[in-house]
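2 protein chains.
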Amino acid sequence: MLITIIGSGNVATHIAAALKNAGHRIGQVYSRDFQNASLLAYHVGAEATDLLTELRPDADIYLIAVKDIAIEYVAAQIAGFGKLIVHTSGATPLENLSKHTVNAGVFYPLQTFSKQKELDFRQVPLCIEGATEQITLQLIALAQTVSNHVYRVDTQQRKILHLSAVFACNFPNYLYHVSQQLLAAHQLNFDLLKPLIRETADKIQHASPASVQTGPAVRNDVKTMDAHMQLLTGDAFLQNLYLLMSEGIMKMEKN
Amino acid sequence: MLITIIGSGNVATHIAAALKNAGHRIGQVYSRDFQNASLLAYHVGAEATDLLTELRPDADIYLIAVKDIAIEYVAAQIAGFGKLIVHTSGATPLENLSKHTVNAGVFYPLQTFSKQKELDFRQVPLCIEGATEQITLQLIALAQTVSNHVYRVDTQQRKILHLSAVFACNFPNYLYHVSQQLLAAHQLNFDLLKPLIRETADKIQHASPASVQTGPAVRNDVKTMDAHMQLLTGDAFLQNLYLLMSEGIMKMEKN
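Chains as they are written, first to last, in the working numbering: chain A, 4 to 258; chain B, 4 to 258.
Treat the hints loosely; a few may be bogus.
Here are the computed lysine-lysine pairs in the BS3-like style, where the Cα-Cα straight-line distance is at most 30 Å [as the list claims (entries may be wrong)]:
no.: 1; chain 1: B; residue 1: K120; chain 2: B; residue 2: K23
no.: 2; chain 1: B; residue 1: K118; chain 2: B; residue 2: K23
no.: 3; chain 1: B; residue 1: K254; chain 2: A; residue 2: K120
no.: 4; chain 1: B; residue 1: K197; chain 2: A; residue 2: K70
no.: 5; chain 1: A; residue 1: K118; chain 2: A; residue 2: K86
no.: 6; chain 1: B; residue 1: K197; chain 2: A; residue 2: K120
no.: 7; chain 1: B; residue 1: K118; chain 2: A; residue 2: K70
no.: 8; chain 1: A; residue 1: K102; chain 2: A; residue 2: K86
Because the hints were derived from the structure by calculation, they are not lab data.
All chains, full assembly: derive it from the sequences and hints.
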């Protein structure tokens, strides 16, 4: 496949590299920032541009990995090519593309990417949706060239997935930050918690989270929870957060 | 060392196995539940009992790994032996032992244990405190026979560590549960999120959580946050949690 990558952020970078490694050809890379476009283009052997008007109509697929708010604008600019346009966003309906072209699809990688951190793309779940069954099958085939975990996920399910990912990734990462700050305030090193953080994420790979829940709240250990609230005196925000999370844990059902 | 293990739960089980593997001898295992005592005793080649009065005074160390609330009671029963008594609790002051004996210490493994899940004990951080410098050094030496990560941590620091662990482990695990429930309500498989959960915990092993925070809140993406709140309509608890976590993320400083 000849693929044009629109965007040069974390998602664009990892997908472009994965497609390239799988033997596809990246023709052009677009970014508003020419430096960023050039850097990614260099890595995947493509041509860089910072002008949408310089995109050529020769690619098989135009893969849009830009900020959600810019997806529709970009799609409208290139819809005239009559080629397949896909976006990579968890929070954006297929509709935002398909009102501009019948050749629309979604290629959503459910993972958190950082440019500086390598990961095994074959383990990244790819969530596929197409405006037609033919497009869906074409995108599934493409997705299988780069990942072992390809799912059909429609717009409504993708919204739920994206929301769930916020709970399973963005919020836990924030809690890691809170714990780091608590330790730092008492001259304790965050390294102490790292094995625990990794093990907590490992455990639920093969057991339901409810079945491995630990800590004072699930034991209904009011004395320890009180002691923790005492330690958080002066930080009303963290006290609120502690109470709310503990309330949730106390009412969870084991399953 | 000849060691007596008091308790047969997750912590007792993992510590006893690690000590045994390091070449120490486990003389007796006590549990209120004789079956549990027997099972653990069998695994570590020890004798089982469900009576504190059957504990012999011949061990070098009595390691108490029972519920926090029972630690002091147990300590009072065996203080007469005049031997070293240590507890394994993050939330319990050394004081609870040292009011009964001068031979008191803490041997706190900062990890989440499940009996059914193996882990590499050499990677478990062990937090050591002793009533005297001599005891501290003796416990550090013992700890180093089973772990590569041994720290001196006093009672006040241990309290903060324990609280931080609740934020870094218990609360994230609850959020995994929430995401699983959200997916299940829409016929989506929790497996979809597992690579993301693992990667999120992996990322902070070598980067600060603030530097790798992703999601709508850190981007100040109000439109997506509104859409998520809409999806949570009817669940006031999760809406509250979503708002509070997002508020925290929006005000975090990148560092």
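What's the verdict on A/K102 and A/K86, does the C-alpha distance respect the 30 Å limit or exceed it? holds, 14 Å
Would the hint linking B/K118 and A/K70 be met if the CA-CA limit is 30 Å? violated, 45 Å
Has the given pair, B/K197 with A/K120, been kept, meaning a C-alpha gap of at most 30 Å? At roughly 18 Å apart (the allowed maximum being 30 Å), A/K120 and B/K197 satisfy the hint.
Does the alpha-carbon distance linking B/K197 and A/K70 stay inside the 30 Å limit? holds, 25 Å
Tell me if the straight-line CA distance from A/K118 to A/K86 falls inside 30 Å. Holds, at roughly 28 Å.
When you check the alpha-carbon spacing of B/K120 and B/K23, does it fall within 30 Å? holds, 18 Å
Just to be careful, I want the Cα atoms of B/K254 and A/K120 compared with a cutoff of 30 Å; is the pair within it? holds, 25 Å
Next pair to validate is B/K118 with B/K23; report whether the Cα-Cα distance is within 30 Å. Distance ~16 Å between B/K118 and B/K23 Cα, so the pair holds.
The structure fails to meet hint 7 from the earlier list, while all remaining hints are met.
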